[in-house]
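Start from the sequences, fold in the hints, and give me the full structure.
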Amino acid sequence: MDPLPTDFRRTTRRGFLRLAAASASLAALAELRSLPAAATSAAGEASGRFFGPSETEILTQIAERMVDCGQAGAPRLRATGAIATIDRTCLALDPATTRLLPTALRLVEYGPLVFDWTFRRFTQLGDAEKDASLTGWMTSRFEIRRLVFRALRNLSLLGYYSQEESWPLIGYAGPLLRPPRPSA
Amino acid sequence: MIEKLLERGGDLVESADVCVIGSGAGGAVAAAELAARGRSVVLLEQGHHWTRADFTQREDEMLPRLFEEAGMRQTTDGAYTILQGRNLGGSTVHNLCYAFRAPEPILRLWREEHGLSELTAEALSPSFLRVEKNLRVKQILESELNASNRIIRTGAQRLGYSGFVARHNREGCIGAGYCILGCSYDAKQSMLITYVPRASAAGARIYANARAERIEAEGGRVRRVLGRVVDHDGRPHGSVEVKAKVVVLAAGAVASPDLLLRSGMANGSGQVGKNLHLHPSVLLAGFMEEPIEAYRGIPQSYYIDEFINLEKDPHRGYILMPISGFPVLTAANLPGFGRAHFAHMAKFSRMVGLLALLHDRSAGSVESGRSLTKPRIAYRMEESDRLELSQSLVHIAKVLFAGGARSVLAPYWQDPVELRPGDDLSVLERRGVREGEIGLASTHPQSTCRMGADPRTSVVNAWGESHEVAGLFLADMSVFPTSLGAPPQLTTAALADRTAFHILGRWPEFAA
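Chains as they are written, first to last, in our numbering: chain A, 2 to 185; chain B, 966 to 1477.
Calculated from the structure, these hints are not laboratory results. Model, not experiment: these values are computed from the prediction. All residues carry an ideal CB built from backbone N, CA and C; glycine is no exception. Hints are all accurate, no fakes.
Estimated spans, in silico, between C-beta atoms of each pair:
(1) B:Asp1042 - A:Tyr111: 24 to 34 Å
(2) A:Glu165 - B:Arg1188: 44 to 54 Å
(3) A:Tyr111 - B:Ser1204: 35 to 45 Å
(4) A:Asp128 - B:Lys1098: 51 to 61 Å
(5) B:Leu1124 - A:Ala85: 44 to 54 Å
In structure tokens, the structure reads:
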């Protein structure tokens, strides 16, 4: 068996530089194998939230693309409690589970610079470019990148599809009436 | 007495005849039977004590409450999602109520290949009868099948596949369908409303938010359990110390070996944490012409056993089971993102899920991780298992089409396959099942502290007692010598019942 992956033998000088840059980022991602994972950022912690303001904005823009349905009249993610739900979920998890999530967000934010050679961050891209960037994460040959994608995708789906506003879109009737609470 | 330590505050210092660790299908049964027969029992449960008033039927609230890592626990490579309970009552609070006895060919295998000559159907019968009575196990009626189970039954019958409507532990079920998020009506006869209250009524002191972190032995005999009071997120608060003559470890096939490894005990065989079987499962989604609302009604009652013949070969086979989900769980299992993902989600109300659950031979492992809530779980399918699960995809698709599906989706993460009636299904077998390419899940991790007669190759004997540490018993799915090849709830409970009666019979020895 050829020990060198085919892709490696085909690598050009430019490709090699890209690979080196990507590898440096991936090395930082090594801790992300069991995702989702990051310590609550200092900014987030101070406000009683998991993500700080800049992380929240990155997360929001990622989640908007993850749940984009192209339907007129669909509830906008920002108009729902989706991001607050994600934040609350992360805050409630053991830090060992969420330790590297803020790092993952920043890697996606700066991903276009490293992987796509564009001098703009994720949040500066148009919708189509954001989708292309996320597709790069989803289809990467690096397992770590795919895991980052899946973690952020699943958090986005948790946030959005747990919102009542999203249920009519998919024909979900929602929970049945709750039973009466036991008397105190 | 059931106490939430987090609300009480402070440390816990206790002593008892028996300390039970874990309150699921094994621990709750052991605690109740021991307490009912005069033993003083302390039960430690790391999770919170939620009740039906907390079961809101909302995924964003219930997944973090009822599941380890909010339902996002995975193998270290991210390929398998492992759903395990983290609450008083353990996984019985979120399971879907299949109630099967251990298949006789599997017991025979355990007798013949693992030296467990005591494990006969006759010997286990009293235990099965007791747990079936206490869990109110009964046959699900044909009239109780929901839309998706009826579709799948129709498909199986048209194809001539063997299948049947199973027995469940439900009482007065109204068919709301939210079983996996905890039963808001106390119809599911989980440990939370059966054995845990029985244990409490018999005098057991039950502590939620109490995480066991170390078991200590002295002179070859178990002596005490040390741990922490933890909040639902696993953050430590006070300390826990329980002195006991006997410890029954029933924390599940992931946490039990982790605790033994951290305690540095009972592992002379080197088998603690090894031999992990997952009953790995893969699912396909069928889409019907009209909305069927598969999420309403009893989610999982039909059972297709056409592809498992344990009499003929007790080492292999797979079962087909209906599965339905709510929006978040469904969305997580569908491929892609954005509009491509929504193209599938838009058909949510027309969706029928059918999964294959493999009676696996592949063996993974559990090792202690950086955090007590995050052990390292490794599992990789052997080629023969992979081939079998790949073959199952074709049979799943056949059942869905025969049941009336207009299309079937194989949700590969990349390039998902959507088939129409008449399409060549062999594409599914060729594409197959590979880790990282399609969603794989496990709700039945098992065998990580396996039973056996030989102390060189097993962790506990036929009664669940450690070969090495007197007074240390295991009573959860970790003791299964092999994959069970059937839903494990009743077998776990029956073996725990048997272990409890064994402890009672030998009590003078432990009391000395």
